[in-house]
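Single-letter residue listing:
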Amino acid sequence: MRQGAYKFAIVVGASSGIGAELVRQLAESGCRVAAVARRGDRLQVLAKEYPNRVIPIVADVLKFDDTAEVFLRCTDALGGLDLVIYNSGIMPDVAPTEFNFSKDHAMIETNLSGAIAWLNVTAERFLSSRRGTIVVIGSVAGDRGRRGQPVYNASKAGLHAYAEALRNRLSRSGVRVTTIKPGPVATDLVAHLGFRGAMPARQAAEIILAKSGRGSEQYLKISHRVIFATIRLIPSWIFRWIPI
Amino acid sequence: MDISLDTDLSKAEIPDPASVQTDWGFGYSCVAESYHRSVTSVDDVLRAFADAKASGRPIVLRGNGRSYGDVSLQPEAISLDLTRWNAVESLDPETGVLVARSGARLEDIWRFALPDGWWLPVVSGTMLTTLAGALSANIHGKNNVQSGTFGEHIDWLEIASPGRGLERITPDHPDFWTIVGGWGQLGFILRAAIRMKKLTSGSVLVTDYPTETWDQLFALFENDHDSDYQVAWMDGFRSGKGIYTNAKTISADEPASLRTSYQVPSDRMALRIRKDQAHKFLRWFTNRPGMKFLSGLKWLAAVKRPGDGGRMLPLVAYHFPLDFVPEWQRAYRPGALVQFQVGIPREAAPAAFPAFLRAAQRAKLEPYLVVVKVHRPDPSLLSYLCDGYSIALDFHQTRRNQPRLRELLRELTDLSHAHGAKFYMAKDSFLLPEDARKSFGSEAINQFRWAKSRFDPDNLITSSLFRRLEIADNP
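Those sequence lines, one after another, are chains E and W.
Going by the numbering used here, the first sequence opens with residue 1, and the numbers climb by one from there.
Going by the numbering used here, the second sequence opens with residue 1001, and the numbers climb by one from there.
To be clear, the hints were calculated from the coordinates, so they are not data collected in a lab.
Note that beta-carbon positions come from the ideal geometry of N, C-alpha and C, so glycine has one too.
Take these hints with a grain of salt, some might be off.
Claimed, not checked - Below 35 Å or equal to it, Euclidean Cα-Cα: the simulated DSBU-like pairs (lysine-lysine) are: (1) W:K1198 to W:K1298; (2) E:K63 to E:K7; (3) W:K1280 to E:K48; (4) W:K1364 to E:K7; (5) W:K1053 to E:K63; (6) W:K1364 to W:K1304; (7) W:K1280 to E:K211; (8) W:K1053 to E:K7.
Stated by the list, open to error - Pulled a few chain W residues facing chain E out of the computed Cβ check, cut under 10 Å: (9) D1016; (10) V1020; (11) P1075; (12) D1208.
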């Protein structure tokens, strides 16, 4: 990302992991960032690290009725808006034989419904101002229906489809919508899965910001693009035997 | 006043993200996004005041966006867009008093009045300025010495302000010259009555005089006592070389020349290129070598026809040539056009103007366009003209030269202060509070704040420029 490429940004899901790193790097580039999350104590740490650059906004993405008001609070505090990154996401531990609706519902609400609530209001503004960048943090997990995390996969696949539709709707208005599909990144989200070789969050955030203006689907590594293009081609009757 | 108030002020409206629009300063050096509201009635204005008060969201008044900098911008504010409040309401054929709503552009006004032989007494270099913009900036023209500023030709104006409601203000009112030249900070001007100028011909006789030195230029300005309009274009790359141009209105009876069809030039230029596409062609020349070449060519062309008895031009083509090259400022994209305009007292200008160009040439940031005009002081409280001259320098700001350009503008500003300068806010995007204090004087600023505290006690109306310069803050 070029220094000063963005002046005003909102990062939703900013308290830890990739979100917190995105906030740090945007602030370092001179951008004013509204960092939105539930955990105010963590946001305060970020705000102290970058006084006058990071504005902590404590909000719950599941309170859909409040989204428009929180969004207004963010834009008022920032004084403008160039970039919105939706990074909120949860992935609770799900056992291979577990079918727990409350866990599943929470994933759909946070990963997909929250994104729709935030990005609809963002899209409305950007469509009118005819500029802006939306970045949706998806996942490689949304590329196929894996047996380990059915609803997480579904929520991310839904998110990718929503982001693509948004991209197609807004492309003629000068608004860019970029879907990032990270693979394993060393964050709280996947800590319980014990991934080896997970990408550090700082590196992931750097790549996300570098690719933020592309207006297409992006993986963090070229190797991911190749691997997941291949995985998508595997017939379902073979894929079900692959232990991933 | 025939204004009805039919507004329930108790219910404030939440701004709609779908009303957010991106507004630029004319030169593309400033940008802001704000919640646009189109004004089509007085109730719309009062409703906006009520909403601003209820929500704490400020209001910025936005006309046709012809100011170069951030005077009509304020991020995340309610932007009251007055371009649809634009009717020309009446013209008295006996007295020539024209009444128009504040969103009417100078173009709307001359198109309405010129066929009957009435012309605006003062016009800016663009006819796309709104009446509200003309009053708020108290604009001047090439006839400033002869006719003063726009506000000096107003019989009355009507204003809606948060603190005082609706009222009609005449020039003998103690706040008239605070509102006129007040940059829209005291309230929303609704309509005004302009004393138009009677003409029998729609043409002017225009004569060019090339100059080689600044002394020649100032001598031409000082010794020209019978022209109606005076202006000079100077070569930003060759100090002193320029073209002094004067123009005289024609007293002959030429009704055909008053027609709109005679006034508006062709929409094509040389090689049948459409003028609205010219900025794409101009972009090739919007660089130092290109502009140096074009400036040299312009001067040489004038040398070939020195004081040759002049040429007849339609008034509109003479006053607003750039308006017929739509979006010409886009030639400066992807960078921006930054204009530095300053008024310098008569005795100081011969030293100051060459010094400005020397500084620009040292920095290798020569202005692509330099315009010099002669002035008399203006009566606004926040006065920007003095008995002397003004110079406007057009700079090309790019991502690369931006820090150097800022340094140069600071150097020019400090040089200007040393010569007792006054700055024109319609062009500004970089001055600091201390510059404003030096330019307007602390007493004028305090008086302005006092007026602000009466007209807008809650500081509902603002702009990026006024926040930056800390002028309008209530004591």
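- In ascending order, which of the hints set out earlier in this document are inconsistent with the structure? Failing hints, ascending: 3 and 12.
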